[in-house]
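2 protein chains.
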Amino acid sequence: MVKNIKLKIAYDGTGYHGWQTQPGKNTIQGTIEEAIYTVMKEMKQKINLTVSGRTDSGVHALGQIANFISDTNIPQDKIKIALNANLPNDIRILESEIVPMEFNSRFDAHDKTYMYQIYNDRVLSPFYSRYSCFVPSRLDFDKMEESLKCIIGSHDFKGFMATGSDVKTTVRTIYEAKLIYERPIIKLYITGSGFLYNMVRIIAGTLIDIGKGIKGSECMEEAIKTKDRTALGQTAVSRGLFLISVNYKKMLDM
Amino acid sequence: MVKNIKLKIAYDGTGYHGWQTQPGKNTIQGTIEEAIYTVMKEMKQKINLTVSGRTDSGVHALGQIANFISDTNIPQDKIKIALNANLPNDIRILESEIVPMEFNSRFDAHDKTYMYQIYNDRVLSPFYSRYSCFVPSRLDFDKMEESLKCIIGSHDFKGFMATGSDVKTTVRTIYEAKLIYERPIIKLYITGSGFLYNMVRIIAGTLIDIGKGIKGSECMEEAIKTKDRTALGQTAVSRGLFLISVNYKKMLDM
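Chains as they are written, first to last, in my numbering: chain A, 1 to 254; chain B, 1 to 254.
This is chain A alone, in the form it adopts within the complex (with noise of 0.2 Å):
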C-alpha cells in the first residue's frame, strides 16, 4: 500500500550545496534521496521528496520538514532509525511519521520560523566560525531592536528580495520578529507565512548595517513603502541563517 511519509531532518549545511539536487554536487536532497534509495531496496519508481521550501547553501535547519511517497513496510518509527544509518553526521532525520496522502510539506505549510545568528565580539570563536556572521564593530541594538517593529503584519516586501527572483506576488505576512541578545550573540528570530528569496539575509544584513550606523533605523519602513531594494542593506552571509521550525494547520494534529 502506498503511504506519504513525512520526515522531520536537521542538517549543518556547512559542506552541501544547498537543498536542492544537482547533477554533481553535494546536496541535502540528493544525499536524503539516495539514503532512501538504499532502505528502500524493494521501490522500483523514483523518490522525489518534496520540502516545505529550499534552502541555500550553507544554510542550516533544525526542523526541516519534507515528505515522499513510498509502498514501503518499514514501521514509521524505523524508517528515521534506518534512514539515520545511511545518513553521514551532519544530516539528521529527527522524526519520521505517517501522515495523511493528502498532505504536502510545501504548500500545506502555515508558517516558518528561521533564526538568524550574529557573533559580535572582537575575536570569532572556532565554535562559531560555520554557523554565525561575525562583526567586531560595537552595534547599537536598541536601534537594530526598533527598526524592527515595522516588518510586522502583512506588506509587500518587494525591496526585500534579490533581484531576479520570480514570484506570483510579493506579499507576505511576518507574526513575529525579535531580537535575543546572548552576548557575545545576537539571534534574529522571524516567523511569517514564507519569505521571499533572501528575504531573512536581507533583513538580518540590514539590521547589521543599522547596529553598526551605516543605515538608519528607519530604512525598513523605507523599504516597504518604496520597495526599493536599495534602501536597505548588505545580504548577510548564508552560514548564520538556520531554518527552525515549519507548522502546519490542523490536519497533522490529530
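Be aware that a few hints might be false.
Since the list can't tell identical chains apart, any single copy or any two copies may satisfy a pair.
Claimed, not checked - Lysine-lysine pairs mimicking BS3-like chemistry, simulated, CA-CA at most 30 Å apart:
| # | residue 1 | residue 2 |
| --- | --- | --- |
| 1 | Lys249 | Lys46 |
| 2 | Lys212 | Lys80 |
| 3 | Lys78 | Lys212 |
| 4 | Lys158 | Lys227 |
| 5 | Lys249 | Lys158 |
| 6 | Lys212 | Lys227 |
| 7 | Lys3 | Lys249 |
| 8 | Lys143 | Lys178 |
| 9 | Lys78 | Lys3 |
| 10 | Lys227 | Lys143 |
| 11 | Lys249 | Lys168 |
| 12 | Lys80 | Lys249 |
In case anyone wonders, no lab produced these hints; they're calculated from the structure.
Based on these hints, arrange chain B on the given structure of chain A.
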C-alpha cells in the same frame, strides 16, 4: 628586548592531530608556531611554544594557555590581531599579553578546568556530532551524580590513567566535579591541580557506564582504593572533551 608572551587560545580540535607538533601532521602547536614565524619575521631563533598541557587529537579548547619568548616590537594587544590574521578559523587567539620573564604556562598552572559533553537523546544533533559523546540509551543521572562525590580531594588516581603513562606521581587534587543537565546534554565540569593521561575521559566514560547500569555507582571509590583501572568504565571519545580554563597563581593577576 626579549619578552615573554602569553596567549589565551580557543580551538576546534576536529581537524588536528592534537596539540603537539609531529612531523608531517597537522597540529595546533605547529599551526600556531607557523603563524608566529610569519608575523615575527625579524626573529631569527626557533620559536618554542610552551603550553599548560597538551591536548589529544580531537580535543577542543576554550581557554588553552601557552607562552613563548620573542624579541618582537609588536605591541602586546596587536600580537593577537596579527596572529589571528594568519591562522585558520578553527584556531583563535583570544588574548595576547606580555608577562614577567619567569612565567611558565606549564609549571605555573595552579589548576585547570575541563568540560566533557554527553549528548543523551535518541538522535544526535548534527551540530553536536563533532563536540560530544553520543549516548542514545537512558542514563540514570542521579547515580552518575552520586558516584562523582568520592573523587573530590587529594587521591592517588593511578587507576584513572591510561596504561603506559610515565609520571612521577599519580596523586592529584580535584577541587570540584559537577554534572549539569541541560536536556538533552549532560556536561561534566571538573577542576583539579592536574590530570593524568586520559583521566577526564576515563571519568566521563565511567559516568556513562554508571548511567547505563553497566557499572555500579561505587566503582569510582573502589578504583581510588584499589588503584585498578579495570574497576572503571570505558575511555570516552576525545571529541566530547573541552579544556575550559587554566588558572595561575597571583603573579599574573597583578
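Violated hints, by number in ascending order, as checked against the structure: Of the numbered hints, all hold.
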